[in-house]
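Protein chains in written order, with the numbering used here: chain A, 750 to 1245; chain B, 533 to 947.
No lab work stands behind these hints, which were simulated from the structure alone. For each residue, glycine too, the CB sits at the ideal point set by N, CA and C. Be a bit skeptical, because a hint or two may be false.
Unchecked claim - Here are a few chain A residues that face chain B, going by a calculated C-beta distance under 10 Å:
id: 1; residue: Gly-939
id: 2; residue: Asn-943
id: 3; residue: Val-1131
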Amino acid sequence: MPAQLSRRAVVTSTVAGAALLGTAASKTASAETRRPLAVSGDQALHAARRLTFGATPALVADLRAKGLTAWLDEQLGRLPEVHGAATGPMPDVPVPNLAAQMMDAQGRGIDLKAATFARAAWGDRQVYELLVEFWSNHLSIHAGTVGALKLADDRAVVRAHALGTFTDMLLASCQSPAMLRYLNNDVSRGHWPNENYARELLELHTVGVRARYTPAHVRDAARALTGLTIDPNTQEFRYRPEWHDVGRLRVLGWTHANTDPAKGLEVATSLVRYLASHPSTAHSIATKLVRRLVGDPVPSALVASAAKTYLANRTAIVPTVRHIVLSRDFARSAGRKSQRPFDWVTAAVRSLGLQQDPKMLTNATPLLQMLQRLGQAPFEWVQPDGYPDRTGAWTSTSSMLARWNTAQQLVNGGIAGLRPLDSAAVLGTPVPTTAGALADRIVQRVLGAPTRPALKTALLLSVAMASSKAISEATAKALTPQLAALVISSPEAMVR
Amino acid sequence: MTAVTECPDLICTRRRLLTAAGGVAGLGALDLAAPTMAFAGSRQGGDLLVVITLEGGADGLSLVPPLADRNYSLARPDVGIKAGQAIPLDRTFGLHPGLKPLLPYWNDRRLAIVHAVGDSDGTRSHFEATNAMERGVRLGSSVGTGWIDRYLVSRGLRSGDFPSLAISGRPAGALVGQAPDLSTWDVRNIRVQVAAARQRATEQALAQMYAGVSGPVPDSARNTLAALGRFAPFRDKAYQPRAGVSYPADGLGNSLAQVAQVARSGVGLQVACVTAHGWDTHEGMGGTTGYLNDLVGRLGKAIAAFAADLGPLMSSTTIVTMSEFGRRVQQNASNGVDHGHGNAMLVLGGGIRGGRVYGRWPGLASAQLDDGDLRVTTDYRDVLGELVQRRLGGRSLGQVFPDHRPRPLGLARQR
């Protein structure tokens, strides 16, 4: 089917759409008639979509007024209050009294997950939350495995250091009971240690396989980490010298005599510091940050310069992020990054202006089920490599159907915890008086810019109306939810 | 705080995940076991291939313990399978007691075992190994497609085919590539959930808005729209397995039941991939009781149920298990085994010359090991290559495995 059908032809013919539906073509079929999605070149809109969990009209206006650099520096400028206790309030998010039920009786951490969603969807510190998500995923821990321990990890490892240095974050991580439990270091002892944490510390958290460490290096790293465990009574970090395996250690270019079991924690700390500032770690982290902030394929020159920035700033995160965001590659990457499910749903919530229902906290289950159906509930990736960030990892039928079906639920109040769409707020005034103007208004509100004629054609097709068809205010409002659901189901809404 | 005593770093037990999910219905994102299927309107001259991936690195030395190798019991005083516990297969090997449901297939020579098999390259990283094995290529290869996809392409894609279906949240690595791949958690629930009166218009609008756009996401959208029609016959159809067959009530059992439903419907299923999680047994794996025993027991039951359910279709079906690597010979201090190398594969089917353990056993004496691990003497692609050539009607092995020339072991009869 040609890309540019006349609207009238499509509107008056249901045959066209039906023909599309019945065809199970191979991926290459009629590829010549298709083009990559064109997106707005508006830089403020681009930055707002890429650096947050979803652009809103207010955020785009703010960013446009301040300029990217000033806005970014403001976003990165100060660490939000990190809650001193597990029970502390979250000042930047309208989530009342998270305290009591951060974890349920089974230690499922339901409200930590709901709070994570709430901060992404409604928090003001969008870039900070984006980085928190990035580092949570980099040092990924499956909450179902570690239960309530993840709560302290979220606060003391990720949130405390997301704008600090990676060295400090990693040092906190290697003493985080959640991480030690998740990767078995809490039971690793003696001369035949459990290598699980050591291997992933090397492979996933720091240098990566390209550093070409050997099995002996993995084992020595595991030996260096023996004794870093959890106190069975307090469930807090504890170093047990009697579990530490002494003897000379070598991991890549790091060596240690490691003679005194009482000083084993210093040995582990020395190794972690070495790894955090290793050039291969700089490369790995720069690659991941560029993939997140710019997209695939990652521009290798930008990775190299970002890695250099990381090392020159002694693993500081903010200068590295700033370097990437203020690059030309970033500016040229509008629309080139696919939304993962979590990004997609937060962007849908934000762009539609959906509000939180107070019920969300007392019963977060429907919200979490929605995130699970989409495939990306916080802290539910079981393997230690974190949710994937490549387009191909998410382009599946089940992911697509889950998004389309979630879109229908979102606009209809089908997710307890989220209020239904406020059609009047989406439309603004004056309320459009033709079907075409209605479609345009919703597209503008949700996507932030006008887009392809084909999208408008599709919207009109769905309501079987010509563009010029006059509609009443009541009709406009009644049609808004279903049209909005289609807009957040569109190819335009699948990219950031 | 839950006390976790076993294998926490990978998918762990389904039991625990189900507990963690509480009353969560639908359990889509829990990623329990994910069948991925490839099918065409009618299957042309090749077996149905069912690939069961044991994710996390299954311990082949527990699945098929080398009872006669005394270094085995020395290395595993606490977690091994003892001679009296295993089902003897031949002079060297036994079968894990949990796989007893498969014994009839061994006895009637439809179940073959390949031991000391794996990726010749031998990384001990889950992610590298999985990635290389899904693509069926050397480590570091730039080939971006999966081996099953290349097999399907080598068979020739026809317009109107529905080459692949996934019952998972994400695409299966082995299916990534040219052949359209489809995944879903539930073959009985592929639909756009919207009021019936708006169903058709909604689907048409979606088709229209994705029609002119190229790229992986729009491709996926088109496959999804095509699937809506293709799977309409399965919608809300409760599946009735063959009389007397009951699948374990877990992710793998559920996945294989879905595969059986589609296979038995006669739509021409060509390839299905299912995943069983939880094999990364670093800790507290147990012996003939405990964590791993439970996992192996459910694997045995699920495969046996599937084979029984397919009935006569098993004569043109081949089931193969794969895992990214085996595990260390020596147990660790937390009663587990760390990442290793050589492994065992199970191959079951009507066209298999079973009742035999294939491959050269390299021994477990320390000088015979590869960095402390069972040495790989057979590349996994030798097994797959033979299946592709003799059972699946694959036309170009060079296309399917571009950087490895498979050497057949003789475990499959030419179809």
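Verification of the hints:
1. Against a cut-off of 10 Å between C-beta atoms, the interface hint on A:Gly-939 holds, since the closest Cβ of chain B lies about 5 Å away.
2. Taken as an interface hint, A:Asn-943 checks out: its beta carbon lies about 5 Å from the nearest beta carbon of chain B, inside 10 Å.
3. Checking A:Val-1131 against chain B: minimum C-beta separation of about 5 Å stays under 10 Å; hint holds.
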